[in-house]
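Taken in sequence, the protein lines are chains A and B.
Residue numbering for the first sequence follows this note's numbering, beginning at 1 and increasing consecutively.
Residue numbering for the second sequence follows this note's numbering, beginning at 1 and increasing consecutively.
FYI, nobody ran anything at the bench for these hints, they're computed from the structure.
It is possible that part of the hints are untrue.
[Claimed, not checked] Covered, in the sense of this in silico footprint (three residues per stretch, anywhere, with C-beta under 8 Å from a C-beta of chain A), are these stretches of chain B:
| hint | region |
| --- | --- |
| 1 | 16–25 |
| 2 | 56–62 |
| 3 | 72–79 |
Ideal placement from N, C-alpha and C gives every residue a C-beta, glycine not left out.
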Amino acid sequence: MVAQPPLEERRLVDALRAGDESAFTRLVEEYGPAMLRVARMFVSSRAVAEEVVQEAWVGVLNGIGRFEGRSSLKTWIFRILTNTAKTRAVREGRSIPFSSLAGEDEEGGAVDADRFLGDDTRFPGHWAAPPQRWEAAPEGRLLAAETLEVLEREIAKLPANQAVVVTMRDVEGFDADDVCNALDISETNQRVLLHRARTKLRRALEEYMQ
Amino acid sequence: MRLDREITCAQVVDLVTAYLEDVLDADDRERVEEHLVFCDGCSTYLDQIRQTIAVTGRLEPEDIPPALQDKLLAAFREWSPA
Ligand SMILES: [Zn+2]
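The task is simple: from the sequences and hints, build the whole structure.
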């Protein structure tokens with residue numbers, strides 16, 4: 001059974017179809033910033049990301065007549081955005097593998113292997129150098145503007161597929177289903193990409209907090 | 001996924017996202033949770049992953065620059081059936 005879209009969403013869709021400019025402005029306000037951030041993970045520059053966002057909105061307008069509400073409006077809009085961004089990335093010579101995890105990076109475990117005790121020890125696989133609690137760092141450090149900059153830089157360094165997934169999940173607060181639907185990837189792929197991304201972001205924060 | 005009765009810290013670290021996403025089967029979740037009870041290193045690690053997620057969620061949204069807003073509005077008016 002297909003769930004009915006919430007009334008609010010149906011009203012917005014109807015208003016948009018009828019050419020209501022304030023409905024359009026509201027949607028741009030609500031999703032535009034997240035679209036720009038996600039688009040930025042696919043393409044080479046901020047300027048190109050803006051073009052992608054613009055192209056995606058034209059796609060939304062041209063497609064809204066056919067929107068059936070089988071996914072949420074948000075998921076549908078982001079599906080258009082990510083498809084537009086993927087196409088643009090390919091044209092830029094950046095192909096971003098989402099469905100195949102092979103070759104994107106060959107890291108083994110989530111944490112450097114030397115953080116754990118080796119097979120020749122009494123407790124192989126247990127912490128040799130356990131993480132130190134961040135609460136020991138000066139108060140407020142974790143939330144300081146500088147910490148956010150560390151994160152921004154680290155996200156920019158991630159392989160694009162990991163950057164897109166962690167941006168959608170953890171920056172923009174999409175749930176796993178939304179991300180799988182928008183990017184057309186399996187739940188497992190989504191989780192592996194998220195895992196790798198979060199692992200690296202934690203490690204970057206750890207280095208910074210020490 | 002089937003894990004031995006006792007799991008290592010390295011395994012917990014590998015499973016942390018599956019654990020937080022609640023996709024482990026009941027037995028494996030129990031193994032992870034039992035491990036977390038006595039292992040300070042892994043509970044610190046799990047807390048830090050949670051803190052990382054929370055801080056990531058505080059990144060500011062990127063504003064739509066006015067020039068782009070204007071372009072979007074122009075595109076809308078061109079499209080608009082009204
Ligand atoms: Zn442990």
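Evaluated hints:
| no. | hint | result |
| --- | --- | --- |
| 1 | 16–25 | holds (count 5) |
| 2 | 56–62 | holds (count 7) |
| 3 | 72–79 | holds (count 6) |
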